[in-house]
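Colleague: Read in order, the letters of the sequence shown are residues 0 to 641 in numbering that gives the first Met the number 0.
Hints were generated in silico from the structure; no laboratory data involved. Treat the hints with care, since some could be wrong.
To be verified - Below, computed lysine-lysine pairings styled on DSSO-like, alpha-carbon distance capped at 27 Å: (1) K604 with K628; (2) K454 with K504; (3) K222 with K232; (4) K95 with K59; (5) K208 with K157; (6) K256 with K2; (7) K168 with K95; (8) K157 with K63; (9) K130 with K196; (10) K237 with K128; (11) K256 with K287; (12) K578 with K596; (13) K613 with K516; (14) K596 with K527; (15) K153 with K241; (16) K130 with K63; (17) K153 with K210; (18) K489 with K256; (19) K287 with K130; (20) K232 with K256; (21) K157 with K210; (22) K95 with K256; (23) K187 with K157.
Computed from a predicted model, the values in this text were never measured in an experiment.
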Amino acid sequence: MAKHYIISISNLVDTFSRALAGEEFDFTLSTSESSLSDSTISEDDFLLVSIDDKVYFQLKVIDKTEEEIKLKKVFEIEKSIAYTIDEEGIIIEIDKEESDFICSKLFDHLVSKNDPSDEIQIDPEVYVKEKYTGRFVFQVLTYLNELDNLNSIKPFFKVNSDPIYTSIKTNEVSLTSIFKTSENELSKEELTFNDGKPRFFEDVIFFWKDKNFYLSTEWTSGKDSRLDLDNFKILIEKYYPKYSIYEENGNYFFSDKIHGKIKIDQVEFDISSFQNACKNAGLVYTDKLITRFVSSLLTKPFIILTGLSGSGKTKLAQAYVQWICQEESQYRIIPVGADWTNREPLLGYPNALKPEEYVKPDSGVIDLIIQANSNPELPHFLILDEMNLSHVERYFADFLSVMESKDERGIPLYSGSNRFDNEGKLISGNLEVPENLFVIGTVNIDETTNMFSPKVLDRANTIEFRINDDEMMTFLASTNDLNMAALLGKGSNMAQNFIALSSNKSFTTEDRDEINKALMNFFGELQKSGSEFGYRSATEILRLINQLDALDNTIKTSEKIDIAIMQKLLPKLHGSRRKLSPILETLGSFCLTEDLKVIKDVFDKVDFDYSNDKVLYPLSLEKIARMYKGAIDNGFASYAEA
Numbered sequence: 000m001a002k003h004y005i006i007s008i009s010n011l012v013d014t015f016s017r018a019l020a021g022e023e024f025d026f027t028l029s030t031s032e033s034s035l036s037d038s039t040i041s042e043d044d045f046l047l048v049s050i051d052d053k054v055y056f057q058l059k060v061i062d063k064t065e066e067e068i069k070l071k072k073v074f075e076i077e078k079s080i081a082y083t084i085d086e087e088g089i090i091i092e093i094d095k096e097e098s099d100f101i102c103s104k105l106f107d108h109l110v111s112k113n114d115p116s117d118e119i120q121i122d123p124e125v126y127v128k129e130k131y132t133g134r135f136v137f138q139v140l141t142y143l144n145e146l147d148n149l150n151s152i153k154p155f156f157k158v159n160s161d162p163i164y165t166s167i168k169t170n171e172v173s174l175t176s177i178f179k180t181s182e183n184e185l186s187k188e189e190l191t192f193n194d195g196k197p198r199f200f201e202d203v204i205f206f207w208k209d210k211n212f213y214l215s216t217e218w219t220s221g222k223d224s225r226l227d228l229d230n231f232k233i234l235i236e237k238y239y240p241k242y243s244i245y246e247e248n249g250n251y252f253f254s255d256k257i258h259g260k261i262k263i264d265q266v267e268f269d270i271s272s273f274q275n276a277c278k279n280a281g282l283v284y285t286d287k288l289i290t291r292f293v294s295s296l297l298t299k300p301f302i303i304l305t306g307l308s309g310s311g312k313t314k315l316a317q318a319y320v321q322w323i324c325q326e327e328s329q330y331r332i333i334p335v336g337a338d339w340t341n342r343e344p345l346l347g348y349p350n351a352l353k354p355e356e357y358v359k360p361d362s363g364v365i366d367l368i369i370q371a372n373s374n375p376e377l378p379h380f381l382i383l384d385e386m387n388l389s390h391v392e393r394y395f396a397d398f399l400s401v402m403e404s405k406d407e408r409g410i411p412l413y414s415g416s417n418r419f420d421n422e423g424k425l426i427s428g429n430l431e432v433p434e435n436l437f438v439i440g441t442v443n444i445d446e447t448t449n450m451f452s453p454k455v456l457d458r459a460n461t462i463e464f465r466i467n468d469d470e471m472m473t474f475l476a477s478t479n480d481l482n483m484a485a486l487l488g489k490g491s492n493m494a495q496n497f498i499a500l501s502s503n504k505s506f507t508t509e510d511r512d513e514i515n516k517a518l519m520n521f522f523g524e525l526q527k528s529g530s531e532f533g534y535r536s537a538t539e540i541l542r543l544i545n546q547l548d549a550l551d552n553t554i555k556t557s558e559k560i561d562i563a564i565m566q567k568l569l570p571k572l573h574g575s576r577r578k579l580s581p582i583l584e585t586l587g588s589f590c591l592t593e594d595l596k597v598i599k600d601v602f603d604k605v606d607f608d609y610s611n612d613k614v615l616y617p618l619s620l621e622k623i624a625r626m627y628k629g630a631i632d633n634g635f636a637s638y639a640e641a
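With the hints as extra help, turn the sequences into a complete structure.
Modeller: Next comes the structure, spelled out in structure tokens:
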């Protein structure tokens with residue numbers, strides 16, 4: 000177990016020497032100069048360094064010799080916390096609780112105030128540390144055997160043609176003759192080569208099916224041999240996803256999933272951080288569009304991105320999931336096929352010929368949902384690209400039903416006795432859709448696609464992507480290659496707070512009179528075309544406005560109403576010229592002050608300035624104007640445009 004120490008100094012350079020050692024270590028400290036010769040500090044311990052209570056470092060001990068101690072910097076922060084240390088220049092041992100208390104003081108400006116139980120975890124729990132590969136594998140398997148009797152990997156045990164040997168074989172890895180088995184205990188001679196070199200460990204690693212299992216000693220690392228540590232790592236990290244295997248400074252470690260980083264569980268979600276990350280990656284999106292996108296996800300975990308082909312719909316979804324997810328396994332980007340006539344491409348099917356088998360889809364959706372259920376504190380994302388290449392209701396109806404009803408039983412996959420996938424893992428008869436699963440659909444409109452039904456649009460926030468003259472000019476003037484790698488994991492320390500924000504189902508309480516008046520105006524007019532909204536849409540509008548305010552409290556009430564109208568009310572509007580024209584004229588007038596005439600001053604002007612201060616709802620007015628023009632020119636109009 001790592002120990003914790005603290006030291007107060009007045010100058011870092013006088014006490015610690017900066018070492019040019021790359022990733023191995025950052026600092027050295029002479030044992031003779033700092034009472035270290037009498038200290039119990041040792042490898043893997045942690046040292047907090049206070050420089051006059053102005054700057055704090057945490058350093059991890061990498062190595063200790065008689066002359067010096069080598070240290071790796073974990074973090075550096077400039078902050079005063081009024082923490083008193085009695086003696087300067089003396090290393091003092093403190094308990095972990097005291098160390099955690101100091102760290103919480105240092106980072107309290109970053110920790111979310113939503114949950115008083117939030118804490119900062121600096122170092123992971125390390126369960127195995129070993130220099131030699133064979134011993135390392137032995138200790139890891141011993142730990143996991145105590146954890147679950149190795150039940151997560153036993154389905155892949157395969158008896159060799161010579162039945163005294165057992166291998167582990169999955170689709171990804173093969174560990175040939177990893178075990179020797181016997182009903183009786185084996186002698187040392189039976190476990191060694193003829194030259195006396197050990198071939199299997201003398202200790203029984205576990206007992207199963209009336210046999211003793213002995214682990215092979217013939218392990219390599221990075222050589223693609225029959226028993227290589229790289230393959231063992233793939234096996235363990237896939238079937239024990241909460242654990243990690245890694246090598247550092249000549250030692251192998253088996254620990255909690257995250258290692259070598261500061262992990263702040265609940266960091267305040269900051270929308271500007273993602274906005275800046277997009278700019279740094281070369282992505283051209285307005286801050287307002289990004290705010291609409293994120294607030295829509297927080298309001299309800301199903302959004303639709305529509306608009307011009309090539310306008311960046313899929314890229315924004317991809318950018319966000321790469322930014323906020325700490326692992327690639329937290330999301331799937333799936334192109335929808337025109338031949339999707341049922342749910343099988345997403346949810347698989349029970350094998351009618353094998354009553355014990357459930358065939359999982361290649362899309363990986365079931366694995367994603369199972370992982371989301373196992374990690375409720377982390378967001379998981381399902382991105383359906385070109386969602387309307389097939390009729391959405393044909394393949395997505397089960398999701399829509401469960402997401403709306405919040406049915407705890409989830410999606411029924413099969414009935415009857417238990418079924419297993421092709422890797423021997425149990426697939427539950429009901430698949431629960433957790434609240435930390437977010438679905439993002441992208442939509443293009445052309446002759447090859449299908450229109451959304453009103454019931455689908457009613458269940459989502461719909462965001463339209465358009466490119467104006469200024470945005471295209473900016474893009475052409477500064478065309479740079481995209482650097483999506485710059486986004487990877489940059490917002491993962493905000494992921495848990497993102498989940499906390501999404502669980503806030505409160506309604507907005509500010510400016511309710513203004514909001515209600517605007518909604519009732521639109522309700523009455525939409526009712527004339529049979530496109531009025533119900534209680535669900537009204538509820539989600541109030542929640543959307545509340546989430547917009549939570550992300551950016553500088554947004555004016557009229558802007559929030561404008562966004563809500565654009566995303567929740569207009570998408571269901573479609574019909575003929577005779578049906579829509581008078582309604583669109585009235586809706587357009589609601590977006591203006593009384594000083595403008597909607598047809599003469601807006602609809603008939605090609606170059607109308609929608610940023611005019613006489614426009615209350617510019618987003619909505621511009622959309623209404625385009626729909627009006629479409630109805631006049633084509634005899635029909637809908638929200639979705641090519």
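Colleague: Would you mind marking each hint as holding or not holding in the structure?
Modeller: A quick look at each hint next to the structure:
{"no.": "1", "hint": "K604 with K628", "in the structure": "11 Å, holds"}
{"no.": "2", "hint": "K454 with K504", "in the structure": "22 Å, holds"}
{"no.": "3", "hint": "K222 with K232", "in the structure": "13 Å, holds"}
{"no.": "4", "hint": "K95 with K59", "in the structure": "14 Å, holds"}
{"no.": "5", "hint": "K208 with K157", "in the structure": "13 Å, holds"}
{"no.": "6", "hint": "K256 with K2", "in the structure": "21 Å, holds"}
{"no.": "7", "hint": "K168 with K95", "in the structure": "42 Å, violated"}
{"no.": "8", "hint": "K157 with K63", "in the structure": "45 Å, violated"}
{"no.": "9", "hint": "K130 with K196", "in the structure": "19 Å, holds"}
{"no.": "10", "hint": "K237 with K128", "in the structure": "20 Å, holds"}
{"no.": "11", "hint": "K256 with K287", "in the structure": "35 Å, violated"}
{"no.": "12", "hint": "K578 with K596", "in the structure": "21 Å, holds"}
{"no.": "13", "hint": "K613 with K516", "in the structure": "18 Å, holds"}
{"no.": "14", "hint": "K596 with K527", "in the structure": "22 Å, holds"}
{"no.": "15", "hint": "K153 with K241", "in the structure": "18 Å, holds"}
{"no.": "16", "hint": "K130 with K63", "in the structure": "17 Å, holds"}
{"no.": "17", "hint": "K153 with K210", "in the structure": "14 Å, holds"}
{"no.": "18", "hint": "K489 with K256", "in the structure": "17 Å, holds"}
{"no.": "19", "hint": "K287 with K130", "in the structure": "52 Å, violated"}
{"no.": "20", "hint": "K232 with K256", "in the structure": "12 Å, holds"}
{"no.": "21", "hint": "K157 with K210", "in the structure": "14 Å, holds"}
{"no.": "22", "hint": "K95 with K256", "in the structure": "21 Å, holds"}
{"no.": "23", "hint": "K187 with K157", "in the structure": "25 Å, holds"}
Violated hints, listed in ascending order, are 7, 8, 11, 19; each of the other numbered hints is respected by the structure.
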